[in-house]
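Residue numbers (my numbering), protein chains in the order written: chain C, 1 to 292; chain G, 293 to 609; chain P, 610 to 1046.
Accuracy of the hints is not assured; some may be wrong.
Cβ-to-Cβ under 7 Å is the rule here; a few derived chain P residues that face chain G [unchecked claim]: (1) 691; (2) 695; (3) 698; (4) 868; (5) 1020.
Below, computed lysine-lysine pairings styled on DSBU-like, alpha-carbon distance capped at 30 Å [claimed, not checked]: (6) 354/G <-> 1036/P; (7) 361/G <-> 970/P; (8) 787/P <-> 851/P; (9) 645/P <-> 943/P; (10) 776/P <-> 801/P; (11) 682/P <-> 848/P; (12) 743/P <-> 771/P; (13) 354/G <-> 704/P; (14) 361/G <-> 801/P; (15) 704/P <-> 361/G; (16) 943/P <-> 704/P; (17) 645/P <-> 776/P; (18) 354/G <-> 1044/P; (19) 984/P <-> 970/P; (20) 645/P <-> 848/P; (21) 1036/P <-> 361/G; (22) 361/G <-> 1044/P.
Okay, the calculated beta carbon distance ranges per label pair [claimed, not checked]: (23) 70/C <-> 392/G: 45 to 51 Å; (24) 980/P <-> 392/G: 36 to 42 Å; (25) 412/G <-> 42/C: 23 to 29 Å.
Everything labelled a hint here was simulated from the structure, so no lab data went into it.
Here the structure is a predicted model, which means the values were calculated and not measured.
Each residue gets a CB set at the ideal place from its N, CA and C atoms; glycine is no exception.
Residue-level listing of the chains:
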Amino acid sequence: MADPVPASVLGAPRRAPRWARRSPLATAIAVLVCMVFVLPVLWLLVGSLRPADEIFSSLSPLSWRILVPSQVTFENFAGLLLGPFGRALVVSLLVCLISVAVGTVLCALAAYAVAVLRFPGRGIVFAVIVVGFMIPFEAIAIPLSQLFTGWGLTNTIIGLVLPGIGNGLAVFNLRQHFLSIPASYREAAMIDGASEPRIFGSIYWPLGGGALVNSALLIFLGQWGSFLWPLLVVSDRSLQVAPVALSQAFGEHTSNFGQHFAGAVILSLIPAVLMFIMQRSFGGLSIASGEK
Amino acid sequence: MVQVPLTDIRGGRGPEAVPRRHRMGRKKELFWAVVFLLPAGLAIVSMRIAPALGAFWTSLHKGFPGGLKDPAFSGFENYVALFTSPAFGETVLRTVLFNVILNPVQILIALMLAVLMTRRLHLRGLWRILLFVPATIPIVGSSIVWGIAMRPDGPLNAILDALGLGRQPFLTSSTHALASIMLVATWVGVGYWMLFLISGIEAIPDEYYEAARLDRAGPIRTFFHITLPMLKRPLLFVLVADTVANFVLFVPIQMLTGGGPQNSTTMLMFDAYRTSYTYSDKNLGAAQVIVLTLIMLIFVAAQFALLREDEKGGRNG
Amino acid sequence: MQRRTIVSLAAAAAVTALVTGCSSSSSSQSGGSDWKIPDKDPKATIQVLGHQAEDSGILDVIAAFEKAHPSIKVDYEGVPFDQLNTILDARIGNKDGNPDVYWADQPRIPALSSRGFTEPLTAPFAEAVAPLDKTTVESSSFDGELWAVPIANSTQLLYYNKTLLEKAGLPFPDADPKKRMTWEELAADARKAVDAGAKYGILFGQPNRYYQLEPLAVSLGGSVGAGGEGNLTPEIADKGWKQAMTWYGSIFADGLSPQGLNGEQTSNEFLAGNVAYFVQGNWLVPALSEGTMEWGVAAHPAFDGGEDVTPTGSWSLAMSPFSDEKEAAAIFMKWMSIDGGGGYAVNLPAPELPVSAEGKKLYFERDIFSSPSGKDAAAIIDYETQNTAVPRVQTVGYVEFEEIIGRAYSDIANGADPQTALDSASKELDTAWSKYR
């Protein structure tokens, strides 16, 4: 069966670099903005690499010393990665990657249904999805955790994954994107006799591009940063996730800022790098001219 | 004057303009809708909606803190108690004010950043990620960093001093604290929303810009007549998502001000969290959360109405 | 079990029944418990919930217990201490058997017991807790019943940075607790230190916390914070409180103490050499003995003409009423608190102040107390825990109390008028406590 989407749409990368046209002025502004934004992050990074008491001794009087450590030490990172935090990092990655893999598909399917398909009550279904993500998680966390305890899902990876795969925001995001895909593609496919799953799989999913990446990001970050839920459903030390493990850097009487900062750096680096990779691979697709 | 056919600017004409569907087709669509919606829908209903209804039911009871002793049904007494409490009224007002000011400001900044990051720049991918990094740092870590930065004798004040701008009591004065929280929330969030708007901008087909250039439309004109209208859908998303994020924000408040000074940063979610988790009064806390969700609903409904897509696809001028 | 023990236990149980039989509805269990600590260890696994991190050495303690009682296995779970309450609400609120034993903050024990989260322990433990420090046992009891077993204690000392004091030409405070400084003298000396270049003159270890600041008001004759029936009438705006809080606000207004610092940062600031006088707990001594700073220690100050009082109290172990391994749990709790001077305090690598004389003897033999300043610290700690400790107010509404008064302290430190802040906190507290009266 002929593929209903013109190859030109999928094949053409957007905005092929035209070196002569890059604007130095815009770049300069971008650099300035980024520097201001990133300053606190830089301080965080430097704090993780310097000797313990220097974080506070270099605070004032203000000098360049605040951003330049007297010596660079990796003991914070080593201490974290070789301890319970390192193990917790693996658990976190596992939970997040499973959540993304399953969640993105499920949310895209739901988004397709509310954006493209017509059925009675569609508006209500969408409204329910929207209301769903407006409910603060803290409001339902304890009763939900008690439910999960009853279902025997405590101390399981599934128990950690499940609340993250029905992400209403991800559905909403994809729904907005799917609404912009010209209906004519679907029409053409239906005339060719394609079924809904086929239309979804060969038109809407490939055209998901940046929106799919962003929804995956929504799901990933939602799970990556979750603290209260793992605290409630996991009591087995070996199954705990990274943010919870990191919170132990602040004990009742001792506060290891350097180690906490190192943990924050690691926890921030992973999504940032992932996003960087995804942007390069998928960011270029668009729904440009396909309409006849 | 831009002469691109206006119907095309709307992107796809949407399912409404599509030719008739057969009755059999309708049945099949319903079937597939159910199948596609079932997994995610089940997850959302069972793990968000149902517990929320449970929370509402909890709010109709009064019980001893801790939740072990059986609570007694009390109808809307909790709500009456809330609405007759002046402190709660102030909290609601503060929360509404916070969002009315902050949401548009954050989206505006995110939009400007998105426009900047879609120009032709050197190392554009790097800058985008750098602006996004604040959103990836665990909120506890960010709060700690800003807490130290905004100390009366901290680096931020030292910089202000060096620039001759005068030190500010960021978190220690009831006039400044809320604005400081806004600053932290903005720093954390805008890079994130920027990414969604970048996707939206990059999804606009090149031809529209070509046509605008042919008509010699300047950048401002192009922005308001082409970019902005085509960003309606992603804008609705980021506006709604940002609203939710700001309404449920409480960790920076918990860590930086504890609701003070003098209750000036006590917002609804923080108050509800304190009632439910610190005081262990689940019933009153549930009532507070229901109120919070309802207020959020009003905001979101307004945003849907504001950025509603016109069926006819026409614009004035 | 020996006959004498049975008899004394029976006597204790009878007394308990008499006392608790008349107690009001604020205690959830009536009549005490119906089990006792067995002679022979049962075979069991118990779940223990604490706040010590996995790598804090707590696992060494667990290992030591399992060696002494091989048939009982312990599954330890460590959570951040500010999340302990949440987890307890979820688990015990769910009538879960996990945890069997949990760390309970002593002033919260009345609240925990009134919520039904604690198993009554008077009958099994009455005799066993006899050798422990009185204040710790009192802090673990409420309404005539023992609800938890103390495993640690605390006190506060006045540490000072010798280098900064020398720079200002200030004499080192006397380490004799009977010759302690007054707060007024401290403020004056701190002024000189700041003028001579110290970043901060005075710093409290936990700024704006009731644990830290209770003695200020009490020293001036103020109430511990509440009175009346069940300690549910706020008493935070009397003369003692007002005077104490005026002094407290003044050290910030005068630039002697920094605003905007929270408890996590203060020790780091002192260890970095930024603070002249630092009021902090006994747990600072190990960090000081490892560092390079020149430090000295004196007794916690008092107000001129006022009483000598110091903060005190720490953690106890409580048992969940839904535990299905109560005997094993009780053996664990007894070992942690009492056996051999307190298995917890003795075996934890990081020093914790024990709750019995036997435990304290071993505590003071640790290396950290071997330096001259260390010896001073040991003497002060011993004296204060026996003579000047004032426990925190015992009330069912403690959580609300601590939170509201904490905000009042913070507002005062940030410049609010003390009378206004205390009055409005009093009103807020009154409303919050109406549901308990």
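Against the structure, the hints:
1. 691: violated, 9 Å
2. 695: Since chain G brings a Cβ to about 5 Å from residue 695/P, closer than 7 Å, the hint holds.
3. 698: holds, 6 Å
4. 868: At about 5 Å, which falls below the 7 Å cut-off, the nearest Cβ of chain G leaves the hint on residue 868/P intact, so it holds.
5. 1020: holds, 5 Å
6. 354/G <-> 1036/P: holds, 22 Å
7. 361/G <-> 970/P: violated, 43 Å
8. 787/P <-> 851/P: holds, 26 Å
9. 645/P <-> 943/P: Satisfied, since the Cα-Cα distance of roughly 12 Å is no more than 30 Å.
10. 776/P <-> 801/P: holds, 10 Å
11. 682/P <-> 848/P: Not satisfied, since the Cα-Cα distance of roughly 53 Å exceeds 30 Å.
12. 743/P <-> 771/P: violated, 35 Å
13. 354/G <-> 704/P: holds, 19 Å
14. 361/G <-> 801/P: Measuring from Cα to Cα gives roughly 57 Å; hence the hint is violated.
15. 704/P <-> 361/G: Given pair residue 704/P, residue 361/G holds - Cα atoms ~11 Å apart, limit 30 Å.
16. 943/P <-> 704/P: With Cα atoms ~24 Å apart, residue 943/P and residue 704/P stay inside 30 Å; holds.
17. 645/P <-> 776/P: The given pair, whose Cα atoms are some 61 Å apart, is violated under the 30 Å limit.
18. 354/G <-> 1044/P: Given pair residue 354/G, residue 1044/P holds - Cα atoms ~10 Å apart, limit 30 Å.
19. 984/P <-> 970/P: holds, 13 Å
20. 645/P <-> 848/P: violated, 48 Å
21. 1036/P <-> 361/G: Answer holds: residue 1036/P to residue 361/G is near 27 Å, not above 30 Å.
22. 361/G <-> 1044/P: Given pair residue 361/G, residue 1044/P holds - Cα atoms ~14 Å apart, limit 30 Å.
23. 70/C <-> 392/G: 45 to 51 Å: holds, 47 Å
24. 980/P <-> 392/G: 36 to 42 Å: Distance hint for residue 980/P, residue 392/G is violated at roughly 60 Å.
25. 412/G <-> 42/C: 23 to 29 Å: Taking Cβ atoms as reference, residue 412/G and residue 42/C lie about 27 Å apart, which means the hint holds.
In this structure, the hints that do not hold are numbers 1, 7, 11, 12, 14, 17, 20, 24, in rising order.
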